[in-house]
Structures are given as C-alpha cells and as structure tokens.
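Student: Sequence:
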Amino acid sequence: MSERLDVSRYRALEGREFTLAPTSDDERWTLSLVLESVRDLGTRDGLSCYSLVFAQREGQSYAPQGTHRLTCSELGEQVLLVVPIGPGPGARMRYEVIFN
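So the sequence shown is residues 1 to 100, counted in UniProt numbering.
No wet-lab data here; the hints were simulated from the structure. Since we're looking at a predicted model, the values are computed, not measured. Just to be clear, a hint being listed does not mean it is correct.
[To be verified] Simulated DEER-style distance windows between Cβ atoms:
| # | residue 1 | residue 2 | range |
| --- | --- | --- | --- |
| 1 | Gln65 | Arg39 | 28 to 34 Å |
| 2 | Ser73 | Thr23 | 16 to 22 Å |
| 3 | Asp26 | Cys72 | 23 to 29 Å |
| 4 | Ser8 | Arg69 | 18 to 24 Å |
| 5 | Ser8 | Tyr62 | 25 to 31 Å |
| 6 | Arg28 | Pro89 | 17 to 23 Å |
| 7 | Leu81 | Asp26 | 28 to 34 Å |
| 8 | Asp6 | Glu27 | 28 to 34 Å |
Beta carbons: idealized from backbone N, C-alpha and C, even for Gly.
Could you build all of it, start to finish, from the sequences and the hints given here?
Tutor: Here you go:
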C-alpha cells in the first residue's frame, strides 16, 4: 500500500503492533513496534499533517534512520521514512514517521 492514509486510520490502531523491516534485500532484520501515539500537526496545502510515534519491543537491536517497510495486518505494507527519536519509558527506542 503506497497511498497516503487519513490520520483516523492510524488513530484507530494506537496500541497495535507493527513490523519494521528494511527495504533492501541486502539487510536482514525485523523489529516489532507498537504505535504509541498519533499527533495532529495541522494542515498544509489542504492535506492533514500528522506524526506517528512507535515504541520498540524490549530486547531488540535498533533500526537506523531510513526508508523502511512498515507493516500491520489492518493496513498492509507501507514504505516510509522512519527516524529514531531516542529512548522513551523503559529505555525502549522510539521511532517517528511524519506525514506532511
């Protein structure tokens, strides 16, 4: 799935699990992430802008910043720019995706 999804689709999935994986076949890793928060960032050129923050499950390596595959059963697979934003509660790494 590559079309832009409305923020309400993500809000309905807060607390749900997603899988993060590289887009390159040369890399072999996957991470389990939980959608921690969805934040409205206003509008730009008539489009809703929003931020998704994901928390990594404990005991996993960190993913680098880059374009990765983000998958969940409800939405399928999307290729998005994912940015590590540092550890949150429990020292679990957090990642952000911004739609603007």
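Student: Each of the hints needs a verdict: does it hold here or not?
Tutor: Here is what the structure says about each hint:
{"no.": "1", "hint": "Gln65 <-> Arg39: 28 to 34 Å", "verdict": "violated (19 Å)"}
{"no.": "2", "hint": "Ser73 <-> Thr23: 16 to 22 Å", "verdict": "holds (20 Å)"}
{"no.": "3", "hint": "Asp26 <-> Cys72: 23 to 29 Å", "verdict": "holds (24 Å)"}
{"no.": "4", "hint": "Ser8 <-> Arg69: 18 to 24 Å", "verdict": "holds (23 Å)"}
{"no.": "5", "hint": "Ser8 <-> Tyr62: 25 to 31 Å", "verdict": "holds (30 Å)"}
{"no.": "6", "hint": "Arg28 <-> Pro89: 17 to 23 Å", "verdict": "violated (29 Å)"}
{"no.": "7", "hint": "Leu81 <-> Asp26: 28 to 34 Å", "verdict": "violated (19 Å)"}
{"no.": "8", "hint": "Asp6 <-> Glu27: 28 to 34 Å", "verdict": "holds (31 Å)"}
Violated hints, listed in ascending order, are 1, 6 and 7; each of the other numbered hints is respected by the structure.
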